[in-house]
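Enquirer: All chains, full assembly: derive it from the sequences and hints.
The numbering of the sequence shown is my numbering, which starts it at 1 and goes up by one.
For the record, the hints were derived by calculation from the structure and aren't laboratory data.
Don't be surprised by glycine CBs; every beta carbon is placed ideally from N, CA and C.
Hints may contain errors.
Across the chosen pairs, the derived CB separations fall in these ranges [to be verified]: (1) H90 x P61: 36 to 42 Å; (2) A75 x T29: 15 to 21 Å; (3) F66 x V14: 19 to 25 Å; (4) V101 x Y54: 27 to 33 Å.
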Amino acid sequence: MNLGRIVRFGAVGVVNTGTYFLCYVGLTTFLPYFAAHVLAFVLSMIGSYFLNCYFTFRVKPSWKSFLLFPLSTLANFVIQSAGLWALVEHAHMNQTVAPLVAAVVAIPITFLVTQLIFRGNVPGDLKKSDSPQEATA
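Expert: What follows is the structure in structure tokens.
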């Protein structure tokens, strides 16, 4: 398992969560909370793609990986969306705090799927190095 990659993924996650949260809070001033969540998620996902390419997995962006990247966030999106809804509607958590709580739960799943997309392997598969490589188109 590559500890450096996991740490970089975590750092990108912090930046991505901050981006999402700022977009979400700004968008909730004129959109319902769930619509704001979806739009903020899409915007932050695009930024996350490029940060994960260049910084976390050290690969060149490609249309193939860009189009596959949403798969890495699909599980994240479902977990965060269900968590946000449950926390706001059933646990009566503040709608500003709830997305941060829901995001924490989705992190491990997102790492595994993202690694598979960018590197073609999962943690524990040490065949792939952390040296820069080109993603295939």
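Enquirer: Evaluate each hint against the coordinates.
Expert: Now for the hints, and whether the structure bears them out:
1. H90 x P61: 36 to 42 Å: Since H90 and P61 have Cβ atoms about 39 Å apart, the given range 36 to 42 Å holds.
2. A75 x T29: 15 to 21 Å: 29 Å, violated
3. F66 x V14: 19 to 25 Å: Given range 19 to 25 Å: holds, Cβ gap about 22 Å.
4. V101 x Y54: 27 to 33 Å: 29 Å, holds
In the structure shown, a violation is registered for the earlier hint numbered 2 alone.
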